[in-house]
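Let's have the full structure, built from the sequences with the hints guiding it.
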Amino acid sequence: MIDVHAHILPDVDDGPMNLLDSIEMANSAVTAGITHLFASPHHLNEFYENKKIDILEKVRELEKHLKQLDIPLTIYPSQEVRIHKDLFKSLDRDEILTLDNKGMYLLIELPSNQVPDYTHDHVYELLLRGITPIIVHPERNKEILMNPSILYHLIQEGALTQVTAGSITGSFGKKIKSFSEKMIEHSWVHLIASDAHNCTSRGFSLQDAYLLIRKKYGNSIAFLLNENSEVLLRGQKIYTEEPRKMKKKKMGIF
12 MIDVHAHILP
22 DVDDGPMNLL
32 DSIEMANSAV
42 TAGITHLFAS
52 PHHLNEFYEN
62 KKIDILEKVR
72 ELEKHLKQLD
82 IPLTIYPSQE
92 VRIHKDLFKS
102 LDRDEILTLD
112 NKGMYLLIEL
122 PSNQVPDYTH
132 DHVYELLLRG
142 ITPIIVHPER
152 NKEILMNPSI
162 LYHLIQEGAL
172 TQVTAGSITG
182 SFGKKIKSFS
192 EKMIEHSWVH
202 LIASDAHNCT
212 SRGFSLQDAY
222 LLIRKKYGNS
232 IAFLLNENSE
242 VLLRGQKIYT
252 EEPRKMKKKK
262 MGIF
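Using our numbering, the first residue of the sequence shown is number 12, and each one after it goes up by one.
These are calculated hints, taken from the structure and not from any lab test. As the structure is a prediction and not an experimental result, all values here were calculated from the model. Incorrect hints may have been included.
[What the hints assert, rightly or not] Keeping only pairs whose Cα atoms sit at most 20 Å apart, straight-line, the calculated SDA-like set for lysine to any residue is:
id	residue 1	residue 2
1	LYS226	ILE195
2	LYS78	HIS47
3	LYS62	LYS78
4	LYS186	MET257
Here it is, written out as structure tokens:
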């Protein structure tokens, strides 16, 4: 399997604290059936700053150690970028890292509690530049949970989404699990990733997520989501279906 979003680089964010922890995570990923992984440290999320040049070097270092230890996991550089007003200034300064530095896809993180009013404009501008934004874990955003149509319109505009495996398995609670399922049912999900930070509380649960998807929605949906990760790795265009609107229920959020 391919994991398009994980925090495996040592001492850069809230992921592994040191190289030994990173190696432990790499072994855990392999045990979980992962062969290729995008190292995606936080960037500009109020706590961490990890510029492109630094991530590229960290990935090279970790890859070297994994090869020395014969750990069969290939690491690719990426970055989980918090959306901010000066995003394009950062892009112009070559501080932003697209997936595998190919200039095609960019992992975009929204603030936990809201969706900035400039998000639509940023999505539009990124697409104009030939970069497809992948909104990571939107199912955990409080404003989107309250008003799913915000995400619907972003997807209509051309943004992709990446749902966390733990959201599907229920690790983040029933409400987020239910919304994640609604997203799948309405063709709002394009990628599944572990968003792993460690080997315990935030580990690699991709297999469990795909198993649940297969049981609930059939092999074709699980295959498509898994295939999209492979397409992304190859630097090709991800297949998308037309998103369908969610109907709000009288009771509850959706």
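Problem set entry | Hint check, failures only | Hint check: 3 fails alone, others pass.
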